[in-house]
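Add chain D to chain V, keeping to what the hints say.
Going down the list, the sequences are from chains V and D.
1 is the number of the first residue of the first sequence in this note's numbering; add one for each residue after it.
449 is the number of the first residue of the second sequence in this note's numbering; add one for each residue after it.
Simulated from the structure, these hints should not be mistaken for lab results.
Note that the Cβ used here is the ideal one computed from N, Cα and C, for glycine as well.
Among the clues, some could well be false.
[To be verified] Result set (DSS-like, lysine-lysine): computed pairs, CA atoms no more than 30 Å apart in a straight line:
(1) D/LYS609 x V/LYS302
(2) D/LYS598 x D/LYS557
(3) V/LYS116 x D/LYS493
[As the list claims (entries may be wrong)] The calculated label-pair distances, taken between Cβ atoms and stated as ranges, are:
(4) V/VAL233 x D/GLY542: 33 to 41 Å
(5) V/VAL233 x D/SER621: 54 to 62 Å
(6) V/PRO237 x D/GLU576: 53 to 61 Å
(7) D/LYS609 x V/TYR301: 20 to 28 Å
Spelled out from the first residue to the last, the chains are:
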Amino acid sequence: MAQILAAVIFVVMFLLIITEKLERHVVTLLSGLLTLILVFGIGMHSMDAIVETLNFKEIFTVEFWYHTGETAETASGINWATIIFIAGMMIMVEGMGHAGFFRWLCMRIAKMVSYKTVPIFITFMIMSAFLSMFIDSITVILFLAAVTVELAHLLRFNPVPMILAEIFCANLGGAATMCGDPPNIIIGTSLGYAFSDFVANTGVIVLFAVIMMVVYFYVIFRKKLVANGAVDVKALPDPKEAITNKRSFVISTIIFLCAVVLLITHAQTGLTVAFIGLFIAVITILTSGKESLIFMKKVDYKTLLFFIGLFIVVGGLEQTGVLEIIAGLIAKISGGNVKLMIGIIIWGSAIASAFVDNIPFAATMIPVIKSLAVAQGVELSTLAWTLSMGTDIGGSATPIGASANVVGTAVAAKSGHPIGWGEYCKYMAPATILVVLFSMVFIFARYL
Amino acid sequence: MDKQLIISIGREFGSGGHEIAEMLAKKFDLNLYDHNILEEIAAEKNVEATHIGKYDEVPRNLIFSRKVRGYSNSMEENVANMQFDYLQDKAAKGESFVVVGRCSETILKPYEGMISMFILGDWEHKVERVMRLYNLSHGEAEVYINRQDKKRKNYHNYYCKGKWGDSRNYDISINSSKLGEEMTAEMLADYIMKRQNMH
Chain V
1 MAQILAAVIF VVMFLLIITE KLERHVVTLL SGLLTLILVF GIGMHSMDAI
51 VETLNFKEIF TVEFWYHTGE TAETASGINW ATIIFIAGMM IMVEGMGHAG
101 FFRWLCMRIA KMVSYKTVPI FITFMIMSAF LSMFIDSITV ILFLAAVTVE
151 LAHLLRFNPV PMILAEIFCA NLGGAATMCG DPPNIIIGTS LGYAFSDFVA
201 NTGVIVLFAV IMMVVYFYVI FRKKLVANGA VDVKALPDPK EAITNKRSFV
251 ISTIIFLCAV VLLITHAQTG LTVAFIGLFI AVITILTSGK ESLIFMKKVD
301 YKTLLFFIGL FIVVGGLEQT GVLEIIAGLI AKISGGNVKL MIGIIIWGSA
351 IASAFVDNIP FAATMIPVIK SLAVAQGVEL STLAWTLSMG TDIGGSATPI
401 GASANVVGTA VAAKSGHPIG WGEYCKYMAP ATILVVLFSM VFIFARYL
Chain D
449 MDKQLIISIG REFGSGGHEI AEMLAKKFDL NLYDHNILEE IAAEKNVEAT
499 HIGKYDEVPR NLIFSRKVRG YSNSMEENVA NMQFDYLQDK AAKGESFVVV
549 GRCSETILKP YEGMISMFIL GDWEHKVERV MRLYNLSHGE AEVYINRQDK
599 KRKNYHNYYC KGKWGDSRNY DISINSSKLG EEMTAEMLAD YIMKRQNMH
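The shape of chain V in the complex, shown without the other chains:
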């Protein structure tokens, strides 16, 4: 009974998210509430399940902020570390955007390569991947695509190929680190992996994949990257004009570098991502004076609420054992063959992520891989990297697969350059297949 209820709530939630009739945070919060009442309350009569899923007590433990031991707590339910980290990064990114950091960086690089289309194309791809390692891909693409459209207008080239390549690289870069993409933050915090674990595993795959993709996109787009007509470089805007306030610019850059250092060293320092998120937010607020209120108001609370509701619903699936059934199914199909199991996870999550939001998918799959690791004796980390690559990369295949794709194609559309499904998938789906295939082979070779 409780299992059926949990599964029905989950499926209805997914369908409602897709139809967008209601805002997605409203959908997950309502579904979360229903899970608490119907699944835990009426179905299971378990107060413990509610307490465990809401997970408030986790925040008040030292371990939540400062990690001492080797083994990490693999808590289920609401992943507060993810919420706090994302909120902190949102505040920091607001500060950076406000000071003109991203626009300045894009313009500076474009100027550095003398506004030549092919070098801009290549550097913007690399920059997209690099920035997405630390900052959410929506913000990265928002700024990159906007500058690309501006440059395309001034230099008279078609921005679509460049925007598509940037989107792909943003999703790719996000896969490299623990904080790059929401699925990775959830995987990292719920399974207890550090920033360096991701860099040493998914990061290596991404490094090769970025090189591969720069070549791929250059080959398929090289004929479209020609600027039409001569352009007076002197008439182009000076990168310095992008900086709205020199003081805030310097401060926000320092805070960003601090965040990068703290993240890279968090396994050594013992500071958890929740601590880093809170620290970065507090520093940004303290140093930005009057504007701090604006930054706090601009935090995308809807996304945070969406996460909270989602974690509760997935908690319902986990507590009732629905996810164990799914894990059992995967184990049965693969018949204990680890290669097949990895194949199913990576392609299954890639295909699913291409069409539905990869965040609920990753959150759902974590308990599944945990249970697979225990039952089948497979190394959990191998499955975690497999899941991470599948969900992060699969999202690139269609215009609706990941948030960066939506924002990138929306910016292009607003500038009068519609990117239809056909055009998008023609270039991006093969790239996605290539990278997922490469990741699978890499995982086979390195871990099995």
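Just chain D now, kept in the frame of chain V:
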């Protein structure tokens, strides 16, 4: 003309609403905005009009598009918003014009000089007109009208609170089949002049 006059015309497919809009534009010597808006937007953005033309007055496809932080990658929605911005910009500059469809009765509501009207028609009359204009059989014309009206309705109701064709949403709703397009236009012109003289 001193006072701003914006004539917003919603219409059922086959009712002759567009023709009436042309007559009113001629009568009051105003620019007529319809799908031609897209040509101007395309020129402004330095892109081909045909590129965005196919998304004109089409409802958003919910399955194949998504919205993230207020950014929608639905081309239909983006084209609609571009047109809304265009119309609002013209209205804000004080221009007088006639506009066909494009949710204009809702998005231009704040402008005092806006007069909104909805043109409908008798079913058989519309079918006969569509058969003649598009060279279709009776059955084909019926299907065509239904499809076009459904599209317009979905498009309109996605962006506006007031329902498409609901008389409460417009200053005046009129069945063009009763008087014919020309006399309906004359009657509407008379109404417009009376409204203008009131202020």
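Results of checking the hints against the structure:
no.	hint	result
1	D/LYS609 x V/LYS302	23 Å, holds
2	D/LYS598 x D/LYS557	24 Å, holds
3	V/LYS116 x D/LYS493	22 Å, holds
4	V/VAL233 x D/GLY542: 33 to 41 Å	39 Å, holds
5	V/VAL233 x D/SER621: 54 to 62 Å	58 Å, holds
6	V/PRO237 x D/GLU576: 53 to 61 Å	59 Å, holds
7	D/LYS609 x V/TYR301: 20 to 28 Å	25 Å, holds
The structure shown violates none of the earlier numbered hints.
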